[in-house]
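Number of protein chains: 2
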Amino acid sequence: MSSQRVVILGGGFAGVYTAMKLERLLRKRQDVEVVLVNRENYLVFQPMLAEVISGNIGLLDTVSPICRLAPSTRLYEREVEDVDLANQTVTLSPGFEANATVLHYDHVVVAFGNVTDFRKIPGLHDHAFPFKYLGDALRLRDHLIRVLGEAATTTDPELRKELLTFVIGGGGFSGVEVCAELNDFVRRAGKKYFHINPNDIRTVLVHSEDRILEREMPERLGRYAQELLRKRGVEFIFNLRLETGTPKCAVLHDGQRIPTRTLISSVPSSPNPIVAGLDVPQERGRIKADSKLQIEGFENAWSLGDCAAVPNPSGEGVCPPTAQFAIRQATTCAHNIVAAIDGQKQKNFRFKELGKMASLGHRRAIAQLFGWIHLGGFLAWLFWRAAYWAKLPGIDRKIKVGVSWMLDLVCGPEIVQTKVDVKPAMSESHFEPGEIVLHKADRADRLFIILNGKAELSYGDENGEAAKSVELTAGDVFGVAEILEKTSVQANVRCIEPLTVVTYNKSELEPLLALPAVRTCFEQLR
Amino acid sequence: MSSQRVVILGGGFAGVYTAMKLERLLRKRQDVEVVLVNRENYLVFQPMLAEVISGNIGLLDTVSPICRLAPSTRLYEREVEDVDLANQTVTLSPGFEANATVLHYDHVVVAFGNVTDFRKIPGLHDHAFPFKYLGDALRLRDHLIRVLGEAATTTDPELRKELLTFVIGGGGFSGVEVCAELNDFVRRAGKKYFHINPNDIRTVLVHSEDRILEREMPERLGRYAQELLRKRGVEFIFNLRLETGTPKCAVLHDGQRIPTRTLISSVPSSPNPIVAGLDVPQERGRIKADSKLQIEGFENAWSLGDCAAVPNPSGEGVCPPTAQFAIRQATTCAHNIVAAIDGQKQKNFRFKELGKMASLGHRRAIAQLFGWIHLGGFLAWLFWRAAYWAKLPGIDRKIKVGVSWMLDLVCGPEIVQTKVDVKPAMSESHFEPGEIVLHKADRADRLFIILNGKAELSYGDENGEAAKSVELTAGDVFGVAEILEKTSVQANVRCIEPLTVVTYNKSELEPLLALPAVRTCFEQLR
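Taken in sequence, the protein lines are chains Z and S. Under my numbering, the residue at position 24 of the first sequence is numbered 24, and the numbers go up by one with no gaps. Under my numbering, the residue at position 339 of the second sequence is numbered 339, and the numbers go up by one with no gaps.
Keep in mind the hints are simulated off the structure, nothing from the lab. These figures come from a predicted structure and were not determined experimentally. Hints may be right or wrong, so weigh each one.
It does not matter which identical chain is used: a pair holds within one copy or between any two.
[What the hints assert, rightly or not] Result set (DSSO-like, lysine-lysine): computed pairs, CA atoms no more than 30 Å apart in a straight line:
(1) K288 <-> K21
(2) K192 <-> K132
(3) K231 <-> K191
(4) K352 <-> K292
(5) K192 <-> K391
(6) K440 <-> K231
(7) K506 <-> K454
(8) K192 <-> K28
(9) K440 <-> K248
(10) K292 <-> K132
Model the full assembly from the supplied sequences, consistent with the hints where possible.
This is how it looks when you write it as structure tokens:
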């Protein structure tokens, strides 16, 4: 029996709900196989992800395994490497095999969402925490606990100040929710450390407009949120963008630097690179789909969710990138795919937005319902919880989240690190003029390659006398001699023009340096 | 005011309980500072760690933050790099500073415990999962979910078999508990995957004796546990040790190979390398401490817990490495330190073991109490839970674990990955004779350096005709040409003598290879 294969790319609300609706429509039919490809095996319930920081809910409670939501869908937990619309194939990164998997499709659904992509801004890419997946939330949480622990033990007052300053870029939904939860968490957890003075903690939100949530929410609610956060100790810097970051500070658009070891950027969400590479009509990085959710010019290619520009049924522009729209689009898309397979009539996408909400942490939220009801405070927070609780997929998840919320009323914050993170062998770092890249007499454990920018290496003694200095530019390498000779750092290196370097850890380079030919080569590099 | 500093090294039961007892004895006294150094900021409640695999309890429920247990102790979350007993200093790895921290002490407590150390067995070090910290448990959990997901999608029957085979080495407490929980989890979770046949799942426990728990438990209880696990689908291989591992199989002492992608070793726990390097009397890798817990020959150095050989108060040999003994030793140790500071009389360690227990997963356990009560089954399991629940530190933790256990009765297993793990840029791999290290036509994404052993590189075509082969040994490099020229793998590489290689990922090497001098060097390496 020849069967048809529907391949869904992306496991956000758009993709997973398309699979769920398809399963429902195709029940008992063996002639259509549904395949879903996602880099995670779970659907992230984004509105609650910020609560992972404070541990208000269990670490796994914000996500739902896709294979339980859509049990007869074949799930590939892989990266999509290529989509070939002409030949109707998608290429997936290798799993345990050595080679890529190529899947033929009869219908393809492109639902990648967008990605947090700082690649265009070197400093943010290297030093800002993204906040999109469960892994991001856990990494940030671990980092917060680590800086609190270090702040409690360090004897250096400058370092303590940097460690206790937290900077968030972006005052949209995501930035505000992360800021609220982070601020609650560090202030509550800070109290558990005998050696931390809670008044030393600073949380700073940087936003390019003159108030937060200016596009997302009516002014009154935005102002309410702002005042609430301010009372809880959040500082606001308005009318300035977060420009870049370095290992030790956040740099604003006007050049101002805020010394910090924790920088979170919620701003630039870019189109998925695979979407950008597709030869289909696009609108500001989103795939142009019609009201049937078909990609313009293709009979068997569909697109929905955040990565698609679907005409808004209200008549104004395109649908906003929210879960509400994605879920309703999924219903239409699944119906239309089955209709296409069976030669039936297709439907147009219709939906009117119900409302918008944002949690402000610790029992406060704001909500705009049906366009005209404005709520702020405890009631809105109860409504927020009730609404999202109702939307949580699966009864198990509902029970667990409900219980976690109740426990949170009696138990303190969790300040345990999962510490699953590995220090990467190679990383990029960004520095701004005047910053010290490498200190004389420090432990020598890294090798640096300059990708771009300029630095000055100086051998001078501490009194500044008889200083010998060398200018370093792209392609120059430093830190080699110290690694080869196992000494401490022999010179100061200072950034003189915005600098991007690649660093390798000594321990990971050692097997390479043990090869005589490579060692000789590196000896000549310095 | 001159104050004294007590530095405790290690945050297991021994170290943390010493800090807790010291805080209690020193209440209101400002003249003694207590410092604790540990690589994690939490105490692992080891007996429950195995439950993290199945998600019976919340991911953080097995651990307790040290700064809540011992709130006025200064906690350094660092590695100990050196202990200098002559100069009374300890050196800690750098935190956010560039250099190591050196602490002077008046009293030092060495309570490192032991470490899971496979370094002497290359294959196990590279390919077996350790199981000691929370991070280990989470990594194993993620891996299990990943292999189930891949098994559900792969079309290669050999690979599916490897993915669904799980091998555990060691039939002591830890091996048996991990085996029981893992077996429960993969069989329960496997049912959630539409495309996995639960009968294809194999769990194999390899043990060097002729029955499990032969040293830890009376024969009757050991046999009971064994039969229970056998009924739940565990296979046993007795009288054979796990010899080594490769990326695709477990190798037993008699040369037998079990194809698997999941190898867990609970066997070799070695002394901490810092302990091994200390110039103090030792007994089988444990520091010789007297019944006052003082290290022989030192007035201000103490040792207890798993890393110390303390005379057993029963008169027979030394204390076993269990939490029961560590906790009671901590009370004596804290008392004696305060007595030493105040010039009071010190006490001898006295304690009689209460009993032993092991959980067998899914509502069964075995227990030996006061030496003569033997329990096996549901009652022992209830007792196990009650006993450990009572021992859980802190009321918050007690509530959360209690609730998790209740929820587990109604909710299914959690099959969500935290996926915080990063693929390391550099790793070591071990291969056994006959295994293929690199397949012709595979994706070329790694560079290999041979550390020891022998391999054969052959360019021959697929019919075996006109095959040209080269022997590779220690210091030889392969995979370079393919990376430089961006082609797929051009030759087969087969292991001919047990082989250990270092592999570097292409993507992490690229910035280095972009340097002309390094590129030239690598071009000559191939």
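Taking the hints in turn, this is what the structure says about them:
1. With identical chains, the CA atoms of K288 and K21 are at most 30 Å apart within one copy only, with a shortest distance of 22 Å there and 67 Å across copies.
2. Taking the closest pair of Cα atoms, K192 and K132 come within 30 Å of each other both inside a single copy (28 Å) and across two copies (26 Å).
3. With identical chains, the CA atoms of K231 and K191 are at most 30 Å apart within one copy only, with a shortest distance of 18 Å there and 50 Å across copies.
4. Taking CA atoms no more than 30 Å apart as the test, K352 paired with K292 passes inside one copy only; the shortest distance there is 16 Å, against 76 Å between copies.
5. Taking the closest pair of Cα atoms, K192 and K391 come within 30 Å of each other only across two copies (22 Å); inside a single copy the shortest separation is 34 Å, beyond that limit.
6. In this assembly of identical chains, the alpha carbons of K440 and K231 never lie at most 30 Å apart, being 43 Å within a copy and 64 Å across copies at closest.
7. Taking the shortest Cα distances, K506 and K454 sit within 30 Å of each other both inside one copy (23 Å) and across copies (27 Å).
8. In the homo-oligomer, the alpha carbons of K192 and K28 lie at most 30 Å apart only across protomers (18 Å), although the nearest pairing inside one protomer, at 56 Å, exceeds that limit.
9. When the C-alpha separation of K440 and K248 is checked against a cutoff of 30 Å, the pair qualifies only within one copy, where the shortest distance is 18 Å, while the shortest distance between copies is 46 Å.
10. When the C-alpha separation of K292 and K132 is checked against a cutoff of 30 Å, the pair qualifies only within one copy, where the shortest distance is 29 Å, while the shortest distance between copies is 54 Å.
Checked against the numbered hints listed earlier, the structure breaks hint 6 alone; every other hint is satisfied.
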